[in-house]
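Enquirer: As you go down the protein sequences, you meet chains D and L in turn. FYI, in the numbering used here the residues of the first sequence are 1 to 248. FYI, in the numbering used here the residues of the second sequence are 1 to 240.
One thing to keep in mind: the hints can contain errors.
Here are the simulated lysine-lysine pairs, DSS-like style, with alpha carbons at most 25 angstroms apart [to be verified]:
{"no.": "1", "chain 1": "L", "residue 1": "K215", "chain 2": "L", "residue 2": "K5"}
{"no.": "2", "chain 1": "D", "residue 1": "K186", "chain 2": "D", "residue 2": "K42"}
{"no.": "3", "chain 1": "D", "residue 1": "K171", "chain 2": "L", "residue 2": "K104"}
{"no.": "4", "chain 1": "L", "residue 1": "K180", "chain 2": "L", "residue 2": "K26"}
{"no.": "5", "chain 1": "L", "residue 1": "K119", "chain 2": "L", "residue 2": "K92"}
{"no.": "6", "chain 1": "L", "residue 1": "K156", "chain 2": "L", "residue 2": "K26"}
{"no.": "7", "chain 1": "L", "residue 1": "K156", "chain 2": "L", "residue 2": "K5"}
{"no.": "8", "chain 1": "D", "residue 1": "K70", "chain 2": "D", "residue 2": "K171"}
{"no.": "9", "chain 1": "D", "residue 1": "K73", "chain 2": "L", "residue 2": "K104"}
{"no.": "10", "chain 1": "L", "residue 1": "K129", "chain 2": "D", "residue 2": "K171"}
{"no.": "11", "chain 1": "D", "residue 1": "K171", "chain 2": "L", "residue 2": "K92"}
{"no.": "12", "chain 1": "L", "residue 1": "K5", "chain 2": "D", "residue 2": "K73"}
{"no.": "13", "chain 1": "L", "residue 1": "K233", "chain 2": "L", "residue 2": "K215"}
Residues from chain L that keep clear of chain D, each with C-beta distances beyond 12 angstroms, as calculated [unchecked claim]:
{"no.": "14", "residue": "R18"}
{"no.": "15", "residue": "I24"}
{"no.": "16", "residue": "E57"}
{"no.": "17", "residue": "L95"}
{"no.": "18", "residue": "A109"}
{"no.": "19", "residue": "R123"}
{"no.": "20", "residue": "L182"}
{"no.": "21", "residue": "T204"}
{"no.": "22", "residue": "D210"}
{"no.": "23", "residue": "E211"}
{"no.": "24", "residue": "N218"}
The set of hints was computed from the structure by calculation and includes no laboratory data. Positions of the beta carbon are idealized from the N, C-alpha and C atoms, including for glycine.
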Amino acid sequence: MSADVYFMKGSDLMEWLNTLYTSFYNALIPEKRYLAYISGVKITLMVALFAVFLGVLIGILVAVVKVSAKSSKNPVIKPLAAFCNFYTTVIRGTPLIVQIMIIYNLIFTARDSNEIIIGTVCFGINSGAYVSEIIRAGIESVARGQTEAGRSLGFTHIQTMRYIILPQAIKNILPALGNEFIVLVKETSVISVIAVNDLTKMASFIGSRTWDILPPYIIAAAIYLLITMCLTSVLGYFERRMSQGDHH
Amino acid sequence: MIITKNLQKTFGDHHVLRGIDQHIKKGEKVVIIGPSGSGKSTFLRCLNLLEEPTGGEVIFEGTTITDPACDINRLRQQMGMVFQQFNLFPHKTVLENITLAPIKVKGMAADEANVLAGKLLERVGLPEKADVYPGQLSGGQQQRIAIARALAMNPKVMLFDEPTSALDPEMVGEVLELMKELAEEGMTMVVVTHEMGFAREVATRVLFIDEGVVKEENTPEEFFANPKNDRLKDFLSKVL
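Start from the sequences and build out the full structure, keeping to the hints where you can.
Expert: Here's what the structure looks like:
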């Protein structure tokens with residue numbers, strides 16, 4: 001696009017808009033290409049959703065082990081905590097795309113594996129490291145007296161975590177977890193490198209079919225933006241509702 | 001009921017407890033007083049192992065609880081504890097605060113636990129507060145609920161760690177009144193407090209802890225009328 005676009009005459013403008021329309025039309029309508037975007041969005045959302053669940057699961061386990069290691073004298077917990085530290089250090093210190101290539105080739109050597117499972121495992125393992133730090137901060141934000149009250153009533157360490165500390169910690173960290181989900185929705189685009197048909201991969205397919213690579217990516221970008229904006233407003237709604245709950 | 005033998009506790013280089021030998025018998029109301037940092041709270045918290053002693057023994061009803069093989073969770077069920085900062089569970093209603101431990105720790109049925117909690121709320125004079133959250137209660141009310149929560153486990157002894165120190169002055173009375181009733185019902189109690197009136201009126205024995213040792217112990221009459229230790233005389237002259 002040259003600089004004289006801004007000074008075009010009316011007929012040139014019409015022609016330019018027409019070309020633009022055609023290229024976006026080609027990226028969307030023929031061969032029902034819009035369906036490809038929709039199936040891509042489905043996979044992106046499924047992967048992000050399941051990965052967040054897996055990430056939270058891993059995150060809680062890792063966080064509880066790390067926090068417990070400070071006080072517990074259980075002989076198993078120290079090596080376990082060392083492993084957890086290794087895990088968070090490696091995951092947070094290496095690029096996501098490299099991790100995905102490694103996890104993919106390490107675990108999913110069979111090429112007909114389910115793509116949602118592939119994505120979930122890759123991003124779950126990655127996300128778990130970040131989530132564990134969020135949850136650890138959440139656990140440590142709960143006053144020490146709560147643990148003491150629980151233990152003095154006869155709760156075991158695990159019961160105290162489960163019934164007393166974690167419910168309070170989760171409430172404090174829900175906004176941060178929601179953000180992690182939004183970040184994941186965007187990061188899942190990286191998964192196209194291992195042939196998972198997510199939204200980004202679909203855009204690249206369509207671009208290679210129409211010989212016009214830009215429109216499908218712009219459409220994909222618009223869809224990502226729409227999803228994250230929706231999620232942000234949903235998150236904001238829950239945050240406002242929960243802060244009301246604090247005025248007990 | 002509780003015996004401590006040469007109880008020691010150090011935090012790093014700081015020697016907080018320097019050998020305490022005590023025998024707390026069933027039905028006794030032992031009140032512990034002493035200056036800040038003297039180790040009196042640490043002593044109390046060693047009795048149910050919230051603080052791990054670094055030396056010596058604690059024996060509860062014949063079981064050495066400082067032995068690593070001992071199931072401390074089981075024994076703690078029999079020792080209720082009330083904290084300076086109440087430590088109610090803010091995410092649970094008053095009723096749930098009281099029923100949580102009986103249900104989850106003792107395996108009591110929910111119905112039975114609710115009935116029990118209802119009785120305890122009557123007893124601490126707050127039956128109408130069952131469904132509110134702790135944050136909506138005054139400090140005095142929260143502490144009374146905390147006492148009810150500890151009583152719900154039907155403990156053999158109650159440990160009080162400065163239960164009125166975080167309260168507004170006008171709320172101290174209601175909590176002390178409840179503790180007095182508890183004492184009259186025969187509960188074995190160990191109380192760390194600065195309330196000398198309570199010590200004089202309720203205690204069967206008063207301990208003065210300073211610099212990590214029991215400097216003086218006596219019946220409240222003798223303790224306050226004829227203090228022998230110089231540090232205690234000095235302390236009493238300032239607080240009375």
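Enquirer: Hints first: check each against the structure and report whether it holds.
Expert: Going down the list of hints, with the structure as the test:
1. The hinted pair formed by K215 of chain L and K5 of chain L meets the criterion: a straight-line CA distance of about 16 angstroms does not exceed 25 angstroms.
2. At roughly 13 angstroms between alpha-carbon atoms, K186 of chain D and K42 of chain D fall within 25 angstroms of each other, so this suggested pair holds.
3. Of the supplied pair hints, the one linking K171 of chain D and K104 of chain L holds, its CA atoms being roughly 22 angstroms apart against a limit of 25 angstroms.
4. About 17 angstroms separates the Cα atoms of K180 of chain L and K26 of chain L, which keeps this hinted pair within 25 angstroms; it holds.
5. In summary, the hint linking K119 of chain L to K92 of chain L is supported, as the alpha carbons are separated by about 19 angstroms, within the 25 angstroms threshold.
6. For the hint linking K156 of chain L to K26 of chain L, the alpha-carbon distance of about 8 angstroms falls within 25 angstroms, and the restraint holds.
7. Of the pairs offered as hints, the one joining K156 of chain L and K5 of chain L holds, with about 20 angstroms between alpha carbons and a cut-off of 25 angstroms not exceeded.
8. In summary, the hint linking K70 of chain D to K171 of chain D is supported, as the alpha carbons are separated by about 23 angstroms, within the 25 angstroms threshold.
9. Pair hint K73 of chain D plus K104 of chain L holds up; C-alpha atoms about 24 angstroms apart against a cutoff of 25 angstroms.
10. Distance restraint check for K129 of chain L and K171 of chain D: the Cα-Cα separation of roughly 24 angstroms lies within the 25 angstroms cut-off, and the hinted pair is therefore satisfied.
11. A hinted pair counts as satisfied when its Cα atoms are at most 25 angstroms apart, and K171 of chain D with K92 of chain L qualifies at roughly 13 angstroms.
12. Annotation: proposed proximity of K5 of chain L to K73 of chain D holds, straight-line Cα distance about 24 angstroms (limit 25 angstroms).
13. Between K233 of chain L and K215 of chain L the CA atoms are separated by roughly 11 angstroms; this keeps the pair inside 25 angstroms, and the hint holds.
14. Chain D leaves R18 of chain L outside its interface by the beta-carbon criterion, the shortest separation being 24 angstroms against a cut-off of 12 angstroms.
15. Distance check on I24 of chain L: its Cβ is at least 17 angstroms (rounded) from any Cβ of chain D, clearing the 12 angstroms threshold; non-interface status holds.
16. Residue-level check passed: E57 of chain L sits 18 angstroms from the nearest beta carbon of chain D, beyond 12 angstroms.
17. In this structure L95 of chain L is separated from chain D by more than 12 angstroms, as the shortest Cβ-Cβ distance comes to about 15 angstroms.
18. With a closest Cβ-Cβ approach of about 17 angstroms to chain D, A109 of chain L is found to remain outside the 12 angstroms limit, as its non-interface label requires.
19. Remark: the non-interface label on R123 of chain L is consistent with the geometry, its nearest Cβ contact in chain D lying 18 angstroms away (cut-off 12 angstroms).
20. Every CB of chain D lies more than 12 angstroms from the CB of L182 of chain L, the least distance being 17 angstroms, so the non-interface label holds.
21. In this structure T204 of chain L is separated from chain D by more than 12 angstroms, as the shortest Cβ-Cβ distance comes to about 24 angstroms.
22. For D210 of chain L, the condition that its CB be more than 12 angstroms from all CB atoms of chain D holds, with the nearest at approximately 25 angstroms.
23. Chain D leaves E211 of chain L outside its interface by the beta-carbon criterion, the shortest separation being 25 angstroms against a cut-off of 12 angstroms.
24. Residue-level check passed: N218 of chain L sits 29 angstroms from the nearest beta carbon of chain D, beyond 12 angstroms.
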